[in-house]
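Listed in order, the protein sequences are those of chains E and X. Using my numbering, the first residue of the first sequence is number -18, and each one after it goes up by one. Using my numbering, the first residue of the second sequence is number 13, and each one after it goes up by one.
Hint data in this document are derived by calculation from the structure and do not stem from the laboratory. Note that the Cβ used here is the ideal one computed from N, Cα and C, for glycine as well. Check before you lean on any hint, since a few could be wrong.
[To be verified] In silico DSBU-like pairs for lysine-lysine, Cα to Cα no more than 35 Å straight-line: (1) LYS203(E) to LYS120(E); (2) LYS18(X) to LYS322(E); (3) LYS294(E) to LYS255(E); (4) LYS(-6)(E) to LYS85(X); (5) LYS38(X) to LYS276(E); (6) LYS255(E) to LYS18(X); (7) LYS294(E) to LYS322(E).
[What the hints assert, rightly or not] Far from chain X, by Cβ distances over 12 Å, these chain E residues were calculated: (8) GLN35; (9) ALA43; (10) CYS46; (11) ASP139; (12) ALA257; (13) ASP317.
[As the list claims (entries may be wrong)] Label pairs and their calculated CB-CB ranges: (14) ASP299(E) to TYR86(X): 43 to 53 Å; (15) ARG53(E) to GLU30(X): 46 to 56 Å; (16) GLN202(E) to PRO92(X): 50 to 60 Å; (17) GLN340(E) to GLY62(X): 42 to 52 Å; (18) ASN338(E) to ASP66(X): 12 to 22 Å; (19) ALA272(E) to LYS85(X): 52 to 62 Å; (20) GLN202(E) to GLU30(X): 54 to 64 Å; (21) MET13(X) to LEU351(E): 29 to 39 Å; (22) GLY367(E) to TYR86(X): 51 to 61 Å; (23) GLU89(X) to VAL175(E): 32 to 42 Å.
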Amino acid sequence: MILMKIDPNLPIKMCVGGSLSEMVCRPTAPYSREAITFLSALSRSLLMRSDSRQYPDVASFAYWCRSANLSRLARDFDSCHKRIGRGLVLHIAPSNVPVNFAFSLAFGILSGNANIVRVPEAAQPQKQILTEAMGRLLKDPGHAYIASMNRIIQYPRDDGITSALSKCANARVLWGGDQTIAHLRALPTSPRCVDIAFADRYSMAVIDAESVLDEDDRGIQKLAIGFYNDVYLQDQNACSSPHLIIWHGTTSQTEQAKARFWLTLQTLLHLKYKIAPSYAVDKFVHLCRTADLLKEAQDCVWHENNLYRVRLKDLPADIEHHRGFAGFFYEYTTNDLNCLKIIVGARYQTVTCFGLNRQELAQRVVDWGLTGVDRIVPVGQALDIGVIWDGYDLIGTLSRIVHSP
Amino acid sequence: MNHREKYDAAFIETFMLEVKDLTGLKYQDAPAWDSVGHMQLMAALEESFGIELDIDDIIEFSSYEVGIAIFSKYNIEIDPPK
């Protein structure tokens, strides 16, 4: 067993697990029995809690790591090669999506690694629920191995600490804005350290007008709920929440489709969404700024504070610099999806689709040789994070191949 | 427990119901069977029967009775109560 050589005097608060110097770092094959047993026990304990109803993001994480899903992932994983975790993975978790630290840790555990996860210091009930549930389970002697390999920690921004941890890491999973990522990547690491960086991304939705018009009321309701979940559950702050909406179809089709879709969404927003007062003010200021800076903006349809729609008469190549929040969208209508070639760059992550063939669209991304778009998913699945994320095969990247040809 | 008892137990424990409430029960009929409750129910059923439900079946699973029909695709026959 290799014990971690980390200075025990570093001012680090342990959220889950004992001191870092007692940590064990002995990698295993991906999808080990211990990993699956622990995560499915975590899933059960989270799904049983009454407060998981209050936090659908916690419930979604719990549901993702249920045993049936993990068994399926294990079965679908690379069986051509013998694989083992890289060793120690350092995760710097994001603050914009509270449950992502748990996904990051789960990816590290499933790929067979020891993990140190730094969580944001901000008080987040989801973080509280998840760390408490993990901490309790890891006290069970049945999970002793996972307990010895994993820590969740907190410390104020401190390059000294991050550097000390980075030097020990065999891989790092870095979540944050472009500046944070650039800063973290400049810190010294071991020469073979692999970084997976989840930086700022831009996402959009492409909706086919004819399909919206062909759908029955139940289908439109479902579409609106899916869109609501993609956008409003995280106040449009998730990387995969759409900012730009491309309506595909003729002018008359799209006008009818928009009227139908937005009306349904509005009804839903009345029932479900309460915008924070500060956001309401910021959105209006943002609209004024957009009117000033975005010359392609034609007008804005303002449905109370919950929903702003800026209509674009042309699609500027740099539209990715225009983002919304808490329900602020840029809409463009076209009959020709070749317009994607002009706008898509490396920052583009998710395209949520309705009424279009996703396989065909994925093929176009490849045929056009685009540098962006890593995911094409149905409307409603924007936030469904998984072992393939941001164009990475996470379990593959966090493990290494022991090649014996 | 036979299949019927296991199937019923998942509903009863997840949604805090009684056996008499189950016949005709549909998604969103019981306050606890909302979108989160649905995840809880699917996880409980998969766990209890040791199966992996297909994503389409999870979406289609809209009532107690529809669930019984879906389960027959997995070769799990849920007999009517005696």
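Structure-based check of all given hints:
Restraint check: the Cα-Cα separation between LYS203(E) and LYS120(E) comes to about 42 Å, which exceeds 35 Å; the hinted pair is violated. Distance hint between LYS18(X) and LYS322(E) is unfulfilled; the C-alpha atoms sit about 53 Å from each other, more than 35 Å. With a C-alpha separation of about 31 Å, the suggested pairing of LYS294(E) with LYS255(E) holds against the 35 Å cut-off. A distance of roughly 51 Å separates the Cα atoms of LYS(-6)(E) and LYS85(X); the hinted pair therefore is violated under the 35 Å criterion.
The suggested pairing of LYS38(X) with LYS276(E) is violated, with an alpha-carbon distance near 51 Å, which exceeds 35 Å. Straight-line distance between C-alpha atoms of LYS255(E) and LYS18(X) comes to about 40 Å, which puts the hinted pair past the 35 Å bound. A C-alpha spacing of about 18 Å is found between LYS294(E) and LYS322(E), which places the hinted pair at or below 35 Å, so the restraint holds. Here GLN35(E) does not stay apart from chain X, with its beta-carbon only about 9 Å from theirs, under the 12 Å limit.
In this structure ALA43(E) is not separated from chain X by more than 12 Å, as the shortest Cβ-Cβ distance comes to only about 7 Å. Non-interface call for CYS46(E) relative to chain X: violated, since the shortest CB-CB distance, roughly 10 Å, does not exceed 12 Å. Even its closest Cβ contact with chain X, about 37 Å, leaves ASP139(E) beyond 12 Å, as expected for a residue assigned away from the interface. For ALA257(E), the shortest C-beta to C-beta distance to chain X comes to about 23 Å, beyond the 12 Å cut-off, and the non-interface label holds.
The claim that ASP317(E) is not at the interface with chain X holds, since no C-beta of that chain comes within 12 Å of its own (minimum 32 Å). The supplied range of 43 to 53 Å is met by ASP299(E) and TYR86(X), whose beta-carbon atoms lie about 51 Å from each other. In this structure, ARG53(E) and GLU30(X) break the distance hint of 46 to 56 Å, their C-beta atoms being roughly 33 Å apart. GLN202(E) and PRO92(X) have their C-beta atoms about 33 Å apart, which leaves the hinted 50 to 60 Å range violated.
In this structure the supplied range 42 to 52 Å is violated for GLN340(E) paired with GLY62(X), their Cβ-Cβ distance being about 32 Å. In this structure, ASN338(E) and ASP66(X) meet the distance hint of 12 to 22 Å, their C-beta atoms being roughly 21 Å apart. A beta carbon spacing of about 55 Å between ALA272(E) and LYS85(X) agrees with the range 52 to 62 Å that was offered as a hint. Remark: the range hint 54 to 64 Å for GLN202(E) to GLU30(X) is contradicted by a beta-carbon distance near 31 Å.
Distance hint for MET13(X) and LEU351(E): a CB-CB separation of about 54 Å, inconsistent with the stated range 29 to 39 Å. Between GLY367(E) and TYR86(X), the C-beta spacing of about 23 Å breaks the proposed range 51 to 61 Å. Under the hint 32 to 42 Å, the C-beta atoms of GLU89(X) and VAL175(E), about 49 Å apart, miss the expected range.
Violated hints, in rising order: 1, 2, 4, 5, 6, 8, 9, 10, 15, 16, 17, 20, 21, 22, 23; the structure is consistent with all others.
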